[in-house]
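Student: Quick note, the sequences are listed as chains A and B, same order. Taking the working numbering, I'd label the letters of the first sequence as residues 1 to 487. Taking the working numbering, I'd label the letters of the second sequence as residues 1 to 115.
Hints listed in this document are in silico derivations from the structure and should not be mistaken for laboratory results. Please note that the accuracy of each hint is not assured.
As the list claims (entries may be wrong) - On the chain A side, residues computed to face chain B include the following (Cβ under 7 Å):
(1) Gly69
(2) Leu339
(3) Lys377
(4) Arg380
We treat Cβ as the ideally placed atom computed from N, Cα and C, and that holds for glycine.
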Amino acid sequence: MSELHHIGLTGLAAGLRARRFSSVELAEAFLKRIEASQGALNAFISVTRAQALSDAAAADRALAAGTGGALTGVPIAHKDLFCTQGVRTTCGSRMLDDFVSPYDATVVAKLKRAGAVMLGKTNMDEFAMGSSNETSYYGPVRNPWDQRLVPGGSSGGSAAAVAARLVPGATATDTGGSIRQPAALCGITGLKPTYGRVSRYGMVAFASSLDQGGVLTTSAADAALMLREMAGFDPNDSTSVEREVPDYVAQLDAPLAGLKVGLLKEFFDKGLDPENERRVREALKVFEGLGAKLTEVSLPNLPLSVPVYYVVAPAECSSNLARFDGVRYGHRCENPRDLLDLYRRSRGEGFGAEVKRRIMTGTYVLSAGYYDAYYLKAQRVRQLISADFTRAFADVDVVMGPTTPTPAFAIGAKTSDPITMYLNDIYTIGANLAGLPGVSVPCGFVGELPVGLQIVGPHFSEARLLSAAHAFQGATDWHTRVPGGFA
Amino acid sequence: MYDFPLIFRIPRPATSRIPMALTREQIESIAALARLELTAAELPVYQRSLSSILEFVGALERADTASVAPMAHPLPGLSQRLRPDEVTEQDHHAEYQQNAPQTAAGLYLVPKVIE
Chain A
1 MSELHHIGLT
11 GLAAGLRARR
21 FSSVELAEAF
31 LKRIEASQGA
41 LNAFISVTRA
51 QALSDAAAAD
61 RALAAGTGGA
71 LTGVPIAHKD
81 LFCTQGVRTT
91 CGSRMLDDFV
101 SPYDATVVAK
111 LKRAGAVMLG
121 KTNMDEFAMG
131 SSNETSYYGP
141 VRNPWDQRLV
151 PGGSSGGSAA
161 AVAARLVPGA
171 TATDTGGSIR
181 QPAALCGITG
191 LKPTYGRVSR
201 YGMVAFASSL
211 DQGGVLTTSA
221 ADAALMLREM
231 AGFDPNDSTS
241 VEREVPDYVA
251 QLDAPLAGLK
261 VGLLKEFFDK
271 GLDPENERRV
281 REALKVFEGL
291 GAKLTEVSLP
301 NLPLSVPVYY
311 VVAPAECSSN
321 LARFDGVRYG
331 HRCENPRDLL
341 DLYRRSRGEG
351 FGAEVKRRIM
361 TGTYVLSAGY
371 YDAYYLKAQR
381 VRQLISADFT
391 RAFADVDVVM
401 GPTTPTPAFA
411 IGAKTSDPIT
421 MYLNDIYTIG
431 ANLAGLPGVS
441 VPCGFVGELP
451 VGLQIVGPHF
461 SEARLLSAAH
471 AFQGATDWHT
481 RVPGGFA
Chain B
1 MYDFPLIFRI
11 PRPATSRIPM
21 ALTREQIESI
31 AALARLELTA
41 AELPVYQRSL
51 SSILEFVGAL
61 ERADTASVAP
71 MAHPLPGLSQ
81 RLRPDEVTEQ
91 DHHAEYQQNA
101 PQTAAGLYLV
111 PKVIE
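Looking at chain B on its own, in the form it has when it is part of the complex (with noise of 0.2 Å):
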């Protein structure tokens, strides 16, 4: 079995920001905003399983990063490349909607969303 890196045996700061655990609530909470439906059985699966992952990234916090700018691409120098703002596609619209659960007359329906 793997033997965790020494990292994750360093004991926590005591300034630690970041909790321990997760609570039922929170959980729900998380869902909710990801908008994901979870049974109850599912429930404490993920608040055991999210409370020993932060558990495990908490470990980020042990490194120095004072004067450490966030990154922000993956290549040096490199930022998001911007195209001239022309039209280029087609009207694809027909195609796209084979793929879509219910259509009428060109438009995806949902539920009501107005009364």
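Next comes chain A alone, as it looks inside the complex (with noise of 0.2 Å):
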């Protein structure tokens, strides 16, 4: 038998209800990876091991009598920005230090309901804004490939705890592209689904137009199913869409032959680094030879993208992180002098830099006089930039492209310039603003480094964006490939 951290969540799942291991060995195996990771990565802000073990053992007494679900007995992580009842949710902040929500989200619910068993919280950019992790309260993950560089942001725990072999697969969130941008700088396989995919109820909200939900796996199998068993319509989330979900896993090995792929042109500007294009275009070989057919796209509007993004995105955060007052949960400070000062001290200590940058950005764009300037402006050509991709795929099924303009850079490389660090989204965000689905998946190395190839879809084609990239990792083995230390 292939050492446990090797076999995946879907071997995983499989070998559970075959019982050639227990729930309970999977937890022990998995959190001593993660305890004797922690040191060098910082992947977790917290750990649950009583409460998983607890729950691995009732995993197993189900499992025993026949009654376990998809994932039952499964170990994953969430992160920690997906509310959990009796355990704290930080969203990586100070403000959340000593958060504990009253309920669990949709998605913890749905995942718990499968029967899948927490190991802990992953650290995050602080309320997920951020592309390299370093704006955590807790301090930055690392990167398992190269502990010197950051694992992508924001959900840079969940994607630094899969690449390492930590657990199997983790909930990450994407609001500009906090799953493809870590998965591409991780190696691994990272699935932002179609707004309205997956209930947004319990995760604490940035920018409430773009968030949406998703998996960090290390393969689309593993990806399609987590996903099969968190989305799905909710009646507390009012974006949330009434549609079925489609049986992701079954539709796997759909047919690749005749895929028509648009190749976006923006994307291959002259910002994207010479060898990350060259794996890029390797890859595109990769899916020619399983018989796609590839077409230049242009997507003219594309590169506004960044800009829309820094004007829509900060617009609805400083709307959301206007609850934290103080006064109802989150931190508070010292003898406030009246209320004012109440508010505005608890935040301003509650509340890290970037956070702090966004809020005062959209409070500005918000503001009287700046509102039709900025944030409708943006609106308007969020509009363009959504008809471009609904134009696109008038001709093709997909479109592909590098997730990242480069590989993972360095710790505090990209902290002076806010700017330079927005940047990092610019292949990812575009899928955001018009609310598609998109994956990315390993597609080869820079060096010792993993890059990503993002494949993104008309609204909804989660099913034909997993089975694409399934067809590409049965036909490569770059998925496969654990950062050295982590083996």
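If you follow the hints, you should be able to join the two separate chains into one complex; please do so.
Tutor: Okay, here's the thing in structure tokens:
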């Protein structure tokens, strides 16, 4: 039997059902890896050992009784912005350092119902605002491929944990690339579903028209299994879409021959690292070999996606984060002079630098006299970008390109200039603005560092994206590579 | 290092209504609106970075959006769903207040508001 941490989510679920190992054995094995890695990677904010072992024992009883679900006994981790009843949810912020949610996020509840066992909550950029996991109040996460480098963000803890095989799968969220970008930089598979596919209830809100929960796993097949259990209509989320969830697992082997692939012209510009570009073009050749038909497509407004994002996302963030008032929950300053002082100091102390920057940017672009010039203008350009995608999908089934401009960069390299940091998400933001699903799959290495290929499809085309990624992973072995030191 | 996309190098329209840089007073006023206490050391940092962000997003001015409606929902044709106006929640008052920094007799405590 191969070592447990190399089996992957689907294999572990099958192995548990066949009683080849127990859920308690799995929890022990992965908890040991988590605890041993914590000093090096800092991937977790909370490790819930006692609860995990008791849930695993319950899973073993369910498996023995034959009453398990699709994921019964499988260990997973949640990004620390999914509310977990009785377990603190910090969102990577001092503001929520001691916040214990009174309820479970729908995603957490659904995965619990499917039988998954939570081992802990993963580190992340504060309130999911960041592309490098350096804005966390709990310190940066380090990339398992090279600990001097960032893992990407904002779901950096979930990505590093899956890449280092500390858990076979983890939840994550993607507002501007926060699933796909760290997946690319850590050499794993990351899927951001269509807006409305996965409930946002119990996800701490950042930018409500862009936020979407998704998965990080080592393969597309595992992502399909986890997504199938997470997705679906939720009356508690007013943007959740009433639409049946297809069986993504059953559709994994859909034939790829004849798939019309559009190469995103705007993504192969001079900002793309030449070696990174070579790996992506080699991956496209693999798709061609599998029978895909490649054509170039142009989305002329796509280069404006980063400026649109840095108006819309801060605007929504400034509204969402207004709820942190030092009164009902969250950090409160010492000895406030009056109510205004209470608000201002609690927020000034509780939020980190990047969060404050975005709240202020958002406050400004929504303020009287500037709302039309910034916010409405950005929402108009967003419409143009969305229309570009719609036009492209009239001719092709999916579009492909790089996930990021470069492989992982050094911790500290981009913290002094926010614009340089923001441009990391230049290839991922478009899908969020248009509400489209996207997946990043490992497609090779630049030196010792993994890079990703991104596939974006029309609304609700997750099954198509996953089967294309699955076919690619059947023809390549990049997704099976494990960082040295974590083999 | 990343090379800025082309859009960033096109000159701004002469008719631009968007200011290039924010003053210290503007930063103070934004922070007051956002209910954020900033330290003296933080002010110039945000003055610089917010100015550069506004310059960066100023690229939007170049897009022709004369006949384009602002996007209201990421999914075409969808708008906010409404539910029947029925009571579905129970009282979780005591549980919710466990996260509150200061409460008494089921109330949230704040500094005196009325003299």
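Student: Does the nearest C-beta of chain B fall within a distance shorter than 7 Å of the C-beta of Leu339(A)?
Tutor: Holds. Min distance 6 Å.
Student: Against chain B, is Arg380(A) within 7 Å by beta-carbon distance?
Tutor: holds, 4 Å
Student: Is the hint on Gly69(A) kept, meaning its closest Cβ partner in chain B is under 7 Å away?
Tutor: violated, 26 Å
Student: Can the hint on Lys377(A) be confirmed by a CB-to-CB distance to chain B that is less than 7 Å?
Tutor: Interface hint status for Lys377(A): holds (5 Å vs cutoff 7 Å).
Violation of the numbered hints given earlier is confined to hint 1; every other hint is satisfied by the structure.
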